[in-house]
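S.K.: Chains as they are written, first to last, in the UniProt record's numbering: chain W, 1 to 414; chain H, 1 to 111.
Just so you know, these hints were derived from the structure itself, not from any lab. No experiment lies behind these values; they were computed from the predicted model shown. Do not rely on the hints blindly, as some may be mistaken.
As the list claims (entries may be wrong) - A partial selection of chain W residues facing chain H, derived with a Cβ cut-off under 10 Å:
| id | residue |
| --- | --- |
| 1 | Pro3 |
| 2 | Ala14 |
| 3 | Ile17 |
| 4 | Gly51 |
| 5 | Gly61 |
| 6 | Lys216 |
| 7 | Val219 |
| 8 | Leu220 |
| 9 | Thr232 |
| 10 | Arg246 |
| 11 | Leu252 |
| 12 | Lys254 |
As the list claims (entries may be wrong) - Partner residues are not named here, just some residues of chain W that face chain H (Cβ under 10 Å, in silico):
| id | residue |
| --- | --- |
| 13 | Arg13 |
| 14 | Lys250 |
| 15 | Glu253 |
For every residue, glycine included, the Cβ atom is placed at its ideal position computed from N, Cα and C.
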Amino acid sequence: MAPTLCFNCKEARALIIRPKNRHKLCRACFLEVFETEVHETITTFKLFYPGERVAIGASGGKDSTVLAAVLKILNERYRYGLDLCLLSIDEGIRGYRDDSLETVKRNAKQYDMPLMIVGYGELYGWTMDQVVEQIGKKGNCTYCGVFRRQALDRGAARLEIKHVVTGHNADDVAETVMMNLLRGDLPRLSRGTSIVTASGASEIKRSKPLKYAYEKEIVLYAHHRQLDYFSTECIYSPEAFRGSARTLIKDLEKIRPSSILDIVKSGEDMAVLVPGETNPNGKTCRSKAAAEDEAEAGGCGSQNGRSSGGEMAAMETQLAENEAAGSRETEIRLPQQPKPGSSKTQKPIKRQVMGHCERCGYISSQRVCKACTLLDGLNRNRPKTAIEVSASMDDEEISSTLARQMEHTQLTNS
Amino acid sequence: MAETATGSSTLPITVEFTGGLELLFGNERKHNVALPAQLKDGSQPNISYLLGYLVDNLMQDQRKDMFIMEDNVRPGVLVLINDADWELEGEEMYELQKGDNIVFVSTLHGG
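Model the full assembly from the supplied sequences, consistent with the hints where possible.
M.R.: Spelled out as structure tokens, the structure:
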């Protein structure tokens, strides 16, 4: 069979069919087109400014590895003048993150970028292994998500960097759009689609330069550039709701490859319809809830959290009850407002007074930030172990420990 | 997929699993596979035959559905025939040639 020639150069053998337009490209043209499109995304949305220091959220997986490789190439080719570094989170999951962190360490050498690793153990006194030991696998993604967001921020703060880029791709965004559509969560749907998230809960800007890149092309890019990446599945994340959304969009892609970008586009268009969430030029308002989305979308298993969204949604709803109440209230009121997009109507939506968590000093609209609230819950239950350890204590000590334990039990139950 | 070789001649190919699929195959990326050069019905082995062969002979994990769905490759798993997207080569109907390199890459796994 005569080989198909490249649509672009008409010389070399075509190896790739692009999902978005079915163009058949050779290896060299594909790599160049892929890089050029990421460059166009970066310039169209003005993601960076010259001299900016940018941290790449790196998990060692395909997405962040490709992101690091492409940013390094583009930074040199187009003279962005960026100062790039890698920022990794060690969730403390043995047999999962420890292996992928080795990949990140190799990447740091390959790309000649400094690497900073921040660990849950060091930041919170709890590794995810310990959290799961305590609370079980159910709902553990919530902890991981909340912790990750803060950990990335703290890592960036240590590096004195104000911009973190993540490897979220078009498939991830499409997945998130589908999930929020299926949950009926239009506000969150709108926030999940934005390429830049500046959140009131953080001074650090997040962006997704690969937002319009197909996962398929990311994997092919990594393959044809022979990038060193690590693939695994988080051992604690069961495939549930996000898994189903994922399967759905992969099935759709098989039948109609352009579906994925079409879903992303639909998500963006729907986002415009959500008052107060997104202003017309596509930038999100500063909302605390955006932070939660990032936490949810961020990180686990290709920072795409192949997690059980249903459980997480339930947990998050519980956690976010106070803040969410405010926005729900406005959603009801909004139709009575003549100009929902105006700044006047935005005022009552979310005028959160950002302060600092009284425990850890992290920026928070609440007295105590979400990570500390979760940690409270975890620490409260630690006496369980205290009792086992207390074999050598004298009776008085044991009874006081027991009394404290009883108090906590009551508190927990109430 | 119960065909067996009619003759003793074999068709040597290499098969690679990456992107997390290697976990289903004893955590080995590269496998040398010798398929029968001709099947019972006189046809040559194609990708479709290879899939059944891999599941029956090479897979060491119960999670078959991470790789195969409805007797074909699961959506989200890419197939490269000598580095080319299998869609360029006729997908599962592609007849394997001596020395072919077939790569299966999962896009479903994270980091």
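S.K.: For every hint, state whether the structure bears it out.
M.R.: Structure-based check of all given hints:
no.: 1; hint: Pro3; in the structure: holds (8 Å)
no.: 2; hint: Ala14; in the structure: holds (6 Å)
no.: 3; hint: Ile17; in the structure: holds (5 Å)
no.: 4; hint: Gly51; in the structure: violated (29 Å)
no.: 5; hint: Gly61; in the structure: holds (1 Å)
no.: 6; hint: Lys216; in the structure: holds (6 Å)
no.: 7; hint: Val219; in the structure: holds (5 Å)
no.: 8; hint: Leu220; in the structure: holds (7 Å)
no.: 9; hint: Thr232; in the structure: holds (6 Å)
no.: 10; hint: Arg246; in the structure: holds (7 Å)
no.: 11; hint: Leu252; in the structure: holds (9 Å)
no.: 12; hint: Lys254; in the structure: holds (4 Å)
no.: 13; hint: Arg13; in the structure: holds (7 Å)
no.: 14; hint: Lys250; in the structure: holds (4 Å)
no.: 15; hint: Glu253; in the structure: holds (7 Å)
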